[in-house]
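Engineer: Given chain A, work out where chains B and C should sit, using these hints.
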Amino acid sequence: MNLAGFSANFTYVVTTLLLVIGLYGMIGKRNLIKKLIGLSVFQTAIFLFYIHGAVQPGGTVPVWDARFATAAQYINPLPHVLILTAIVVSVATTGVALALTVAIYRRYGTLDETALLQRMKRDS
Amino acid sequence: MEFVLASRPLLAVLVSLLAAILIVVCGRWPNLREGWTLLAAVTKFGLVFSLLGDVLGGRTPGVTLFEVSPGIALALRVDALGISFALSASLLWILTSVYSIGYMRSLGEEHQTRYFASFAICLSSTIGIAFAANLLTFIIFYEMLTIATYPLVVHKGTPEALASGQKYLVYLLTGGGALLLAVAWVRNIAPTLDFQPGGILPAATGATELALLLILFVVGVGVKAGLMPLHSWLPAAMVAPTPVSALLHAVAVVKAGVFGLARVTGFVFGADMLQRSGAINPVAALAAATILLASLLAMAQDNLKRRLAYSTIGHLSYIVLGIVLVTPDAWRGGLFHIVTHAAMKITLFFCAGAIYAKTHRENISELDGIGKQMPVTLGAFGVASLGLAGVPPLGGFLSKWFLAGGTLAAEQPALLAVLIISGLLNAAYLFPIVYRAFFRHSDQFTKFAEASPLMVVPLCLTTLLSVGLGIFPDAFFKWFSLANETAISVLQVAVK
Amino acid sequence: MTHIPVLIPAPLLLAAFLVPLAGMLHQGLVPAVALAGSAAAAAFAVLGLRKVIAEGPLHYELGNWPPPVGIEYILDPLSAFMAVVVTVTGFLSLVYFRPSARHEIPDRFVTGHAVALLLLAGLSGMVVTGDLFNLFVFLEIASLSAYALVAIGDKQAPVAAFRYLILGSLGGSFYVLGVGFLYFATGSLNMADVAERLAPIYHSRAVIAAAVLIAVAMALKMALFPLHLWLPDAYTYAPSAVAGLIAPIMTKVAAYVLIRVFLGVFQPSFAIDHIPLLPAISWLAAGGIIFGSVMAIAQQDLRRMLAYSSVSQIAYVGLGLGMANPLGLVGALLHVANHAFMKACLFFVAGSLRYRTGSVGISDLAGMGRKMPWTFAAFTVAALSMIGIPPAAGFFSKWYLLLGALEVGNGWFVAAILLSSLLNAAYFFRVLENLYAKAGGKEDESRVAEAPASMLMPTLLLAVGILVLGLLNSLIVTEMLMPVASGMYRR
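Protein chains in written order, with my numbering: chain A, 35 to 158; chain B, 698 to 1193; chain C, 30 to 520.
Wrong hints could be hidden among the right ones.
Keeping only pairs whose Cα atoms sit at most 35 angstroms apart, straight-line, the calculated DSBU-like set for lysine-lysine is [claimed, not checked]: (1) B:Lys1055 - C:Lys467; (2) C:Lys400 - B:Lys1055; (3) C:Lys400 - A:Lys155.
By construction, these hints were calculated from the structure, which means they are not laboratory data.
Chain A on its own, in the form it takes in the complex:
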C-alpha cells in the first residue's frame, strides 16, 4: 500500500482499529468500568465513521451561500445530525451504565465480573 492509498483510507483504518479495541474492552475485560470504556470507544469509532462519510473535499459548511450553487460544494450535514443523536444516545447509555455500576458496587463490593457471577450464583 502506498502512502496516498494509506492516507485515503486513514480514517477507515483508525475506525476499524478503534472498533476492535472497543470490542476487546467490552468482551475481553473483566472489570465493568473497563467494559464501559470499551463500549464508549466502540461507539466513538462509529461516530468517526459517520463523520468521515460526510466529508466533502473542499466543501464548505452547510449553510446556504449563493457563491456555492451545487450540493457537492457543501459538507453533507445529515451524518452530523445523525451522530448528534447517536451521541445523545451514547451519553444516556453511559449514564445508565454508570448508575448500574454504582448499584452493583454497593451491593457486591466489587466490579469484577467473574467474582460477581460467583456471588450472584451464591445468592440465588
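Structural biologist: Showing chains B and C alone in chain A's frame:
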C-alpha cells in the same frame, strides 16, 4: 351420500364439555356434580342415537364450523364408521358413569371433581374424533384426548402414578408429533384434508412417499392403539382408577387409535394406495406379532389389570390386522370387533374394579375362591372371558369369524393361524382366573358379598351386551350393518 | 394524510412524561395516566389495522417533510399487525404492572410506570417507523428503558442489567454501523427509498457488510442462540412486573426488524444468494429451539425456566423467517402474537405466585394448583399452548412452521419443531405435575390465597386470548399474515 346440515353432532361433542364446566362449578356438591355427569352421558347418547337413523338412511349429517387454517374448517360429519364408534363410546359412558360413582365413592378417592371433569372432556374428544370430517379436526380432538386422559392416569398422585404419567406422555405426545407431521405432509401433497371413502391422496404419489406417510400415520395412531413396540404405556397406565382403565384404556382412547387407523387407511389412503405403499405386509406382520406377544405377556402378569391390559393390546391388533388387510370381511370383522371387544373388555375391567373395591386385591394369585363371595361378578367375568376367547355364540366369535374370512380372502393363511393360536392363548390367560375363583378353596371368601349395585348392575348390562352382540349382531343399534356399510363404502364392493 | 401511524407511539410518549407529574400530585393517578396512554395507543393500533386491511397502507410524514428527506411513519399490514400485538400485550402488562410493582418495587412505582411507558413507546415506534435511523433511536429508547427496568429487580438485577446493557448496546452499535454503510452506499435512510436504490448494488461489499452487521445486531437484540447470553439473567432477576412486560414483546420487535430489513428493504433473495444470512438464521434458530428447551428442563427456578423457554420460542420466529417461504413467515408472525400472549400469561403467573408466596422454585409448587386455582388454570392453558396442544394458539404456529419446513423440504427443521414440542412438554409437565398431582409438603396446611383480582384478570384474559387466537387463527392468517407473507416474497 346426501349431506344434511345438523347441529346434533356438534351438540354431541359439546354436551360433555359443558358438563365438565358444570362439574367443576358444582364440585362442592357431589350428588349434583354426578348428576351432571349422568345427564350429560344420557344426553350425549341420545344425540348420537338420534343421528343413527340418518346414517342408516344413507345421509351424512354434519356441520362445518369455521376455518382453523386457511381452507381447512373445523368440521364434523357423521358416517357409518364414526357413528358406530360414537355409539359404543357414548353408550358405555353411561354405564361407566354409574360404575364410576360406585367405585370412587366406595374407595373414597380424592380429587373426584377433577376426575369426573377430565372424564367428560375425554368423552367430548372421543366423539370429536369419531365425527371429525377432516384430518386437522381429527388431530385437534386426538391431542385433546391425550391431554385430558393424563390427569386420570396420574390420578393417585403416587410416584408410580407420576412415572406412568410421564411414560404415557412421552409415548402419546411422540405419536401426536408423528401424526401432526403426517397430516402436514398430506396437506402439502393432497388437494384436501377431508376424509373421503377411497382416499384423498393424489394418484401420482410415489411408493416411497406413501410408505413413509403410512409409517408416520401408523406411529401416530398406533401408539394409542397399543401396537407393539409402542404399547408399553398401556400396562403402565393401569395405575389409573379402574373405570378409567375400563372405558378409556379399553374403549375410548385405545379405540380412537384403531378408529384413526381405519380413517387413515380407508379415507385418506384407500385400498389402492395402501397396496401401492407396499406397507400392508409389514404392518400386518407387526399386528400379528403384537397379537401373539401380547397374549404371551398377558399370561405372565399376576396383576389382574395388567393382564387385561396386555389382552387389550392383543385384541386391538386384531382390529389393526383387519383394517390393513383391506378385504371386505376383514374390515367387517375388524370394525365389529371394535364394538364387541369394547363390551367384553369393559366387563372384565368392571369386574376387576368391583373385586378391588370390595377386597382391595389386584393380584390374580390372591383371588382363590373369590367366586363364592362375588358370584355375579365372577360369573360375568367368565362369560366375557369366553367371548374374548372367541367361543360362539358370543360377540367375540362373530368378529373373529369375519376376520378369519378376511385373512383367507387376503390369502394369508399364516395370519389365520395367528388368530387361532391367539384364541387358545386368550383362553389360557383368562380361564385360569375363573377356575381359581370358583374351584379353588379359600377361607377368606366365604360370605356372599358383592360390590355396590352401582358397580354390579353396569357390569351385568355389559355382559348382556357382549352376549347379545353375538346372537343378534344387528339388534343393538345395527352395529354390524354399520361395519358392513363402512367396509362397502371404503372398499367399494358389492353387498355379499 | 392520516395521523394514525404517529398516534400509536405518541400517547405512550406523552403518558411517559405525564406520569411523573401525576406522581407528584398523587400516586393513585399514575396507573390511570399510564393505562389511558396505553389504551389510546392500543385503540389507534387496532383502528389502524382495520383501516390498513380495508384501504391499504397508511403513510404519515413527520413534520410534513415528504420522504425520502423527511421521516416517514408507515402502517402497512405487517407493521399494523405488530403494532397491535405490541400495544395490546403492552396494555395488559401495564394493567398487571400496578399491583405487582406496588408489592415488589413500591419505591419505584412512579418511575417504573414512566419507564415502562417509554419502553412501549420505543417498541411501537420501532414498529411504525419507515426510517432506518429513526428506528435506531426508538430501539435505544426501548433498550435503555429495559436496562433500567431490569435493574430495579432483585439483588442480582443490576449485574444482569449491566450485562444486558453491554450486549444490547453492542447490538445497537452494530445496527447503527450497518445503517451507516447503507446510507453511504445509497444516500438515503428511508426504507422504501433505500430498497429501490439497493437493488442494483447488491454485490457491493459495503452493502453486504451492512447486511451482516444489521443481522448480528438484531440477533443480539432478539436473543437468537448463541447470542442469547443476556436474556436468562435479565428475565430471572427483573421485577415480576417488568418480566411480564419485557418478555412477551421485546425480543419480538427485534425479530420484526429482521423481517422488515431482510424481506422488505432487501429483496428476500439477497440474504440467500449474495450472503446466506437467512439460512444461517434458520440453522441457528433450529439449534436455539433445541438448546433453549433443553436448558429450560434443567432449571429449578420457574422464571429462569420461562426465560430459557423464551430463548427457544424466539428461535421459532427466527426459523420461520429463515426458511424464506411464505408459510414459514406466516408461522413466525403468528407465533409472535401467540407467544406474546403465552409468555405474558406465564410470567404473570410467576409474578402472582411470588406475590402470594415469595418463592418461585419449581419444587415449591406442590399443591399450589388447588390453592390458586384460577391463576394456575391460566398457567395450564398457556403451558399446553406452549407444548402445542390444539386448539390452543401454540399448536397453530407449530402447524404453519411445519408446513413451511415441509415445503422447503428440510427434515432437520421438521425434527427440531417436533422435538421441541416434546421438550416443552418435559419441562411444563414437570411443573404441572407439581401443581396438581403432588400433594403439598409440610406447608400444605398453610393458606395461600388466590392472586388479587387486579393481577388475576389480565392473566385470565390472556389465557382466554390464547384459546381465541387459536380458534380464530385462520382469520388472522388469511386477512393479515398471508397477504403480508406472499407480498414480501412476490417481489
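Engineer: With reference to the structure, classify each hint as holding or not holding.
Structural biologist: Here is what the structure says about each hint:
Between Lys1055 (chain B) and Lys467 (chain C), the direct Cα distance comes to roughly 27 angstroms. Compliance with the 35 angstroms bound is thereby established for this hinted pair. This hinted pair checks out: Lys400 (chain C) and Lys1055 (chain B) have alpha carbons roughly 33 angstroms apart, not beyond 35 angstroms. Only pairs whose Cα atoms come within 35 angstroms are accepted, and Lys400 (chain C) paired with Lys155 (chain A) is accepted, the gap being roughly 30 angstroms.
In this structure, none of the earlier numbered hints is contradicted; all agree with it.
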